[in-house]
Amino acid sequence: MAEDKINMTDGGGQPSILGIRSLQKSFGSLSVLKDISLSVDRGNVVSIIGPSGSGKSTLLRCASFLEFAEGGDILYDGQYALRDGVYASKAELNRFRTRFGLVFQNFQLFPHYSVMKNISEAPILHGEDKEEVQERAFELIKKMGLDGKEYAYPYQLSGGQQQRVAIARALAMKPEILFFDEPTSALDPELTGEVLKVIRQLADEKMTMVVVTHEMPFAKAVSNRVIFMAGGVIVEQGDPLEVFDNPKEERTKQFLRVFERA
Amino acid sequence: MSLMTMIIKMSEGLGKTCAIFFLTVLFSLPLGMIVALLRMSKVKVVSAITRFVITVLRGTPLMLQLLAVTYGPYYLFGTTVARNKLIPVVIAFSINYAAYFAEIYRGGIESIPIGQYEAAEVLGYTKFQTFMRIILPQVVKRIMPSVTNEVVTLVKDTSMAFTVSYQEMFTIGKQIANSQTSFMPFLVAGVFYYLFNVIVDYVMGRAEKRLDYYK
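Heads up: the sequence lines are chains A and B, in that order. So for the first sequence, my numbering puts the first residue at 66; every next one is plus one. So for the second sequence, my numbering puts the first residue at 570; every next one is plus one.
Keep in mind the hints are simulated off the structure, nothing from the lab. Please read all numbers here as calculations on a predicted model, not as lab measurements. Positions of the beta carbon are idealized from the N, C-alpha and C atoms, including for glycine. Keep in mind that a hint or two might mislead.
Said to hold, decoys possible - Derived DEER-like restraints, expressed as beta-carbon distance ranges: (1) A:93 to B:783: 35 to 41 Å; (2) B:650 to A:193: 20 to 26 Å; (3) B:715 to A:323: 46 to 52 Å; (4) A:195 to B:783: 19 to 25 Å; (5) B:706 to A:254: 53 to 59 Å; (6) B:587 to A:163: 49 to 55 Å; (7) A:212 to B:783: 18 to 24 Å; (8) A:215 to B:633: 53 to 59 Å; (9) B:610 to A:133: 18 to 24 Å; (10) B:618 to A:270: 54 to 60 Å; (11) B:683 to A:212: 31 to 37 Å; (12) B:698 to A:203: 20 to 26 Å.
Please take these sequences and the hints and turn them into a complete structure.
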């Protein structure tokens, strides 16, 4: 591993937004995550790359409590959501949930809701002022380049537009950190650009993000740090230029070669 | 007996036919949802028992169930048979149809991608909010054609109430047919049921159309 000791604070001594230590997760007898440790600092973009089945998505799903790990720690802003394999109470997990957002590979918009309702319902249910939320939704829709689509239904939108609505929906909750689980993998190639552009824009605004992706040039250009996973472990992590142009581990080289050939 | 008197006499039973129909729809639709949720319970015993009950209700004749609910208490506990047969008839129909609706609901609920639940969960919807706001509306749209099918069948099944001599339209028709040795009442009954179902089809079609705003 490139970093054997994980620093759980950023440079200023602030706790990292997300800290993961020795995370372990298995499905039955199959060990999917073996001793995963990483931390994400405020304003940083971390990309996770690696072959399919390497545990990238499972890692994100554990961080967002869609899967439950058997061992290790998960900390948000220095507070334990998972401590030594034991989860915090349901109520506490619900509070942690407000800290992150998740964008799925298949968008998972609610098909019976308009764009507006997809984005605004959750914050309203959380007790926020309806008009305030709707105003924020309008702004987000505009920011995503979807003006005029406020009252369209998901089926009327292209995949790229749907994914941008999904990003707006996650942002409407004002998360401190945003997770992307292969956000462009379900899109036609000509539509990936518009989604990546939006993510890049968020990176410029110093939104903290963790992106599981197969878009190598994007990962290289946008990330502050790249994590290469294979077989349930972090094989290598570091500065994107280092990892991409000068990988140290044989497994990383092998993986990146496949992309060069493509 | 002229055709006109026949029609008038049988129409008098239409009110009771409608009573069976509407009350059964009213009770069996929600009851079916409860049964479906029990059937999908994570508690194995609950889902196993519910599953068994459903197989019994779907696997035995409705006619038998009508007889059992109407006369069963008399044979089992010696209680008097209800004077108003509408109550046992509606109970039998509601339970029987709830079993069918339960399986339709279950199919609908299980057809919703798990990602919808996950998206709602991450956005902080409670389990109840997720079901009522995200899952159920999509289920309703998906199961409409199957529900229409059952409702159309129910219209015709109301005629089964003749087995316990409830004076609905078909029972009256059957009595006239016997006393007049005429097949005419059955034809009249057929026309009645057909017209009833034309209306049902129209109403359900409208309901389906109202859900057409999304895909």
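So, going through the hints one by one against the coordinates:
1. Separation of residue 93 of chain A from residue 783 of chain B is about 38 Å and conforms to the stated range, judged on CB atoms against 35 to 41 Å.
2. Look at residue 650 of chain B against residue 193 of chain A: about 59 Å separates their beta carbons, and that is not inside 20 to 26 Å.
3. Between residue 715 of chain B and residue 323 of chain A the C-beta distance comes to about 47 Å, which sits within the given range of 46 to 52 Å.
4. The given range of 19 to 25 Å is respected by residue 195 of chain A and residue 783 of chain B, whose C-beta atoms sit roughly 22 Å from each other.
5. For residue 706 of chain B paired with residue 254 of chain A, a C-beta distance near 34 Å fails the hint of 53 to 59 Å.
6. A C-beta distance of roughly 52 Å is found between residue 587 of chain B and residue 163 of chain A, which places it inside the suggested range of 49 to 55 Å.
7. Hint check: residue 212 of chain A to residue 783 of chain B, Cβ distance near 21 Å, so the stated range 18 to 24 Å holds.
8. At about 56 Å, the beta-carbon gap between residue 215 of chain A and residue 633 of chain B stays in the expected band of 53 to 59 Å.
9. In this structure the supplied range 18 to 24 Å holds for residue 610 of chain B paired with residue 133 of chain A, their Cβ-Cβ distance being about 21 Å.
10. The given range of 54 to 60 Å is respected by residue 618 of chain B and residue 270 of chain A, whose C-beta atoms sit roughly 56 Å from each other.
11. Between residue 683 of chain B and residue 212 of chain A, the C-beta spacing of about 33 Å keeps the proposed range 31 to 37 Å intact.
12. For the pair residue 698 of chain B and residue 203 of chain A, the beta carbons lie near 24 Å from each other, so the given range of 20 to 26 Å is met.
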